[in-house]
Amino acid sequence: MSGSHAAFDLGTLDRLSQGTSPIHRLDPRAKLLATLAFVVAVVSLDKYAVADLLPFFLFPALILARSGVSFRFVARKVALVAPFAILVGVFNPLFDQTVVLRVGEVGVTGGWLSFASILLRFALTVGALLLLVATTGVPALGRAAERLGTPSVFVMQILGLYRYLFLLVGESQRTLRAYRLRSADGGRPAWRIFAQILGQLLLRAVARARRVHEAMLCRGFDGELRLIGTLRFTGRDWAFLTLWTSAFVALRFLHPAEMLGALVTGGGQ
Amino acid sequence: MHMADALLSPEVGGAMWMATGATIAIASRKLKRDTDHSHVPLMGVVGAFVFAAQMVNFTIPGTGSSGHFAGGMLLAILLGPHAAFLSMASVLVVQGLFFADGGLLAMGANIFNMGFLPCYVVYPLLYRPLAGGRADPGRRRVAAWLGAVAALQLGALGVVLETRASGIAELPLFAFLAAMQPIHLAIGIVEGLITVAVIEFVARAEPGMLTALPPAAVPSSVPGFPKRALAGLAILAIVVGGFFSWLASAHPDGLEWSIARLTGEAELAQPQDGPHGLAARIQEAVAFLPDYAFPASGTAESAADKEAGGWITPDAGTTVSGLVGGGLTLLIAGFAGWALRRRSSSPASPTT
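Residue numbers (the working numbering), protein chains in the order written: chain S, 133 to 401; chain V, 17 to 368.
Because the hints were derived from the structure by calculation, they are not lab data. Careful, some of the hints might be misleading.
[To be verified] Okay, the calculated bits of chain S under chain V, using three or more residues with CB under 8 Å as the criterion: (1) 185-199; (2) 248-258; (3) 287-301.
[Claimed, not checked] From the derived model, a few chain V residues whose C-beta atoms are all more than 10 Å from chain S: (4) M34; (5) F85; (6) P140; (7) G148; (8) D152; (9) P153; (10) L162; (11) L177; (12) A194; (13) L201.
[Unchecked claim] In silico negatives: residues of chain S with every beta carbon more than 12 Å from chain V: (14) F170; (15) K179; (16) D228; (17) R279; (18) T362; (19) L363; (20) R364; (21) F365; (22) T366; (23) G367; (24) R368; (25) F372; (26) L373; (27) L375; (28) T377; (29) S378.
Bear in mind the structure is a predicted one, so any value in this text is a computation, not a measurement. The beta carbon of each residue, even a glycine, is placed where N, CA and C say it ideally should be.
When you get a sec, could you build the whole thing from the sequences and use the hints?
As structure tokens, then:
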């Protein structure tokens, strides 16, 4: 992932999270807990599960529809981060060659099934997480995490990082562009030059932190950051959370794909 | 070096989250007790710095490939273990949220691999004893370099072990290790050089900074820490080991499988009685998700099934009718989303 591209994506996600759709308006805690339940339900399925994973696409599909986030955006981001899972999973067909399923004459090995399962899991978990961020935003998620019991020091750290993220990413992009304009090949810096760029950035970051601290002291900072804005868990949020969580439990244990398939194909295996 | 949800089992993901969550709580309490509050903005800004630095790729000499900076060791040296751990954890959380590096469940494992290991294992057990006080810059350089290399090696090892223990990927342990460790050795060597170079750069450009930063390598600020770290590690090892051994008993070891296949031996026919039978029965009794186990877990049963010529796994939803039904539900999901989107006039947010 090239730097400028990643920085561009940062801004896009942040902008998306400021939308006003019904999904955006839900309490961040409801969305966070529902997504967590979704991820646990998905990864707890058997490693050969393929059919059972497919109904789970209902959740991201409906969130996508209700929130107005573009499908292309999510799909592209999922594809961007896929290589590691693919690289590790692609060995499954090699090491697990037991035939577990026959479709006509063709035998499907366990390895191929589990590889397909890994890809589906990947699309589901990463897609759901991206939708959570795109419809909630990091600051709101931080507040939700704090209300759910995360130590406030850590939440402050996340919010502080987020506050300066765009600034410092912009600064590093400018420094890098300056390097490219002045270097012969204009490519990636060698590690020695990279270390110097990094050192510069670090010095500036620490100097900035000192100024920020002084400004905070001027405004009466006593070691405690106070968050403005309250979260209200309404009936809508309860409905969203309980309905989806029970749906995940049902999808996880009732094997609806099997039932529907049996209905359609006449009950045979 | 990010774990992904897709490769994790809920047990391993949950165990890693528990370890990480406990460490976050402890580190937060330690920092809260600190009377000097200048670390609050410092950690935030320096965390953002690491985040920004990770987005720049550099060339790994001799290979032509590129890597990016991890920064765990640099932070530990600059900020001390607790602040560095929280900074690293926040970087990984925001990264996980934004770039979907890993996922929600894998976040615990990622923070453990890239935050806990450098800050609470490598820093107190390797860097501090090697670097000694801050009198000798030569020793400090060697310690920082070795620390960065060790941190990356441990992190890569963590990824391999967590993936293996989850049992989703089939890649044998040794093949996986042989792939991961050398790659991360190369990256670690460069990471170490960069860490040393950055510290030297800062020391030259602004000599006061290394000593002015709050807990920077001041030996007295973490009294008796290694002992506590060891105690914590021991507890962690027991917890994680307990989970792993439970997993190992529930899932067949991929390595044994492949060895058995290589040597042409059939699956070990285990006697129904005796310790194995007992273990299987206990396992049956305590399994809280009975249909979660895939056929190979009941060893005796699956051996029989396999001899009968390939097993069918109705519960895993891998039958033909299951696939047909799954495809149908996917269509339904897609259609529902499409229809809802056309109907709802929710203001579409800007798209790419």
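Each hint tested on the structure:
Residue count for the segment 185-199 of chain S with a Cβ under 8 Å from a Cβ of chain V: 11. That meets the three needed, and the coverage hint holds. Counting residues of the segment 248-258 of chain S whose beta carbon lies closer than 8 Å to any beta carbon of chain V gives 7, which reaches the threshold of three, so the coverage claim holds. Under a criterion of three residues with beta carbons nearer than 8 Å to beta carbons of chain V, the stated coverage of the segment 287-301 of chain S is upheld, 13 such residues being counted. At roughly 14 Å from the closest C-beta of chain S, the C-beta of M34(V) stays outside 10 Å, upholding its exclusion from the interface.
With 10 Å as the threshold on Cβ separation, the claim that F85(V) sits away from chain S is violated: the shortest Cβ distance comes to roughly 7 Å. For P140(V), the non-interface assignment is confirmed: its Cβ lies about 21 Å from the closest Cβ of chain S, beyond the 10 Å cut-off. At roughly 24 Å from the closest C-beta of chain S, the C-beta of G148(V) stays outside 10 Å, upholding its exclusion from the interface. The Cβ of D152(V) sits about 21 Å from the closest Cβ of chain S, beyond the 10 Å cut-off, so the non-interface label holds.
Its beta-carbon lying about 16 Å from the closest one in chain S, P153(V) satisfies the requirement of being farther than 10 Å from that chain. With a least beta-carbon separation of about 17 Å from chain S, L162(V) lies farther than 10 Å from that chain, consistent with its non-interface assignment. Every CB of chain S lies more than 10 Å from the CB of L177(V), the least distance being 13 Å, so the non-interface label holds. No Cβ of chain S approaches the Cβ of A194(V) within 10 Å, the least distance being about 12 Å, so the stated non-interface status holds.
Listed as a non-interface residue, L201(V) keeps its Cβ farther than 10 Å from every Cβ of chain S; the least gap is roughly 15 Å. Annotated as non-interface, F170(S) brings its C-beta within 12 Å of a C-beta of chain V; the closest such distance is 9 Å. Chain V draws K179(S) into its interface by the beta-carbon criterion, the shortest separation being 5 Å against a cut-off of 12 Å. The non-interface label for D228(S) is inconsistent with chain V: the shortest C-beta to C-beta separation is roughly 5 Å, within 12 Å.
Listed as a non-interface residue, R279(S) keeps its Cβ farther than 12 Å from every Cβ of chain V; the least gap is roughly 16 Å. With a minimum CB-CB distance of about 23 Å to chain V, T362(S) clears the 12 Å threshold, and the non-interface call stands. With 12 Å as the threshold on Cβ separation, the claim that L363(S) sits away from chain V holds: the shortest Cβ distance comes to roughly 18 Å. Under the 12 Å C-beta cut-off, the non-interface status given to R364(S) relative to chain V holds; the minimum distance is some 21 Å.
The claim that F365(S) is not at the interface with chain V holds, since no C-beta of that chain comes within 12 Å of its own (minimum 20 Å). Every Cβ of chain V is farther than 12 Å from the Cβ of T366(S); the closest lies at roughly 18 Å, confirming the non-interface assignment. Under the 12 Å C-beta cut-off, the non-interface status given to G367(S) relative to chain V holds; the minimum distance is some 20 Å. No Cβ of chain V comes within 12 Å of the Cβ of R368(S); the nearest lies about 15 Å off, and the non-interface call holds.
No beta-carbon of chain V is positioned within 12 Å of the beta-carbon of F372(S); the least distance is around 15 Å. Interface exclusion of L373(S) from chain V stands, the closest Cβ pair being 16 Å apart, more than 12 Å. The beta carbon of L375(S) is kept farther than 12 Å from every beta carbon of chain V, the shortest such distance being approximately 14 Å. Remark: the non-interface label on T377(S) is consistent with the geometry, its nearest Cβ contact in chain V lying 15 Å away (cut-off 12 Å).
Remark: the non-interface label on S378(S) is consistent with the geometry, its nearest Cβ contact in chain V lying 17 Å away (cut-off 12 Å).
When each numbered hint is compared with the structure, violations occur for hints 5, 14, 15, 16.
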